[in-house]
Amino acid sequence: MFPKGLFIGVLTALAGLAGIAGPASAALCYARDYDTAHLVKHVDQRVTRITVRLLADNGSGIGVGLWFRGDKRQWWAGGGCRQQGAVFSCKLDGDGGALTATQNAKGIRLDVPAAGLQVEHPDAQGNASFQVVDGPEHRVFLLWPAPEATCEPQN
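Numbered by mature numbering (1 follows the signal peptide of the UniProt record, and there is no 0), the letters in the sequence shown go through residues -26 to -1, 1 to 129 in order.
These are calculated hints, taken from the structure and not from any lab test. On a predicted model such as this, the values are computed, not experimentally measured, just so you know. Where a beta carbon is used, it is the ideal one built from N, C-alpha and C, also for glycine. One or more hints might be untrue.
To be verified - Label-pair restraints from in silico Cβ distances: (1) Gln99 - Ala60: 35 to 45 Å; (2) Phe104 - His16: 21 to 31 Å; (3) Gly68 - Glu111: 15 to 25 Å; (4) Lys15 - Asp45: 16 to 26 Å; (5) Thr76 - Ala98: 35 to 45 Å; (6) Asn78 - Asp7: 11 to 21 Å.
Please build the complete structure, drawing on both the sequences and the hints.
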């Protein structure tokens, strides 16, 4: 899996390439914060916030940030994507799994297969902890465009 420093470096490089690609691929940060009303209706949903950075065109890639109930830390996964028009078919690094991101007029839709995703959070020594994001409440995520800074790795 990605050490935090390497992850930040890859995302920085992706951001730089996105700027070179031109306006069509400039607004590729998407996010969603789930409000209390949503989480009350979806008691099995553990994800409270999600961010996605997509890199379109020649260097297609993805960086996903997740926050969970009762945990203020950001968890993440990154990987490469094959882009066909508005659809990104992505394979996450290591044992992260796969997902499909589809751009639409309002934002993006992430479709996660039944096997789920594996995300990580390294400690201060660089040792990673892992969580699996699976189950029916984690199959589809709808996200909206967000400022680029929203998709920066945090912690």
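Each hint tested on the structure:
Roughly 41 Å separates the CB atoms of Gln99 and Ala60, a value that falls within the hinted 35 to 45 Å. A hinted range of 21 to 31 Å holds for the C-beta pair Phe104 and His16, which are about 23 Å apart. A hinted range of 15 to 25 Å for the beta carbons of Gly68 and Glu111 is consistent with their spacing of about 24 Å. As the Cβ distance of Lys15 to Asp45 is approximately 21 Å, the hint placing it in 16 to 26 Å holds.
For the pair Thr76 and Ala98, the beta carbons lie near 37 Å from each other, so the given range of 35 to 45 Å is met. In this structure the supplied range 11 to 21 Å holds for Asn78 paired with Asp7, their Cβ-Cβ distance being about 19 Å.
When the structure is compared with the earlier hints, no violation turns up for any of them.
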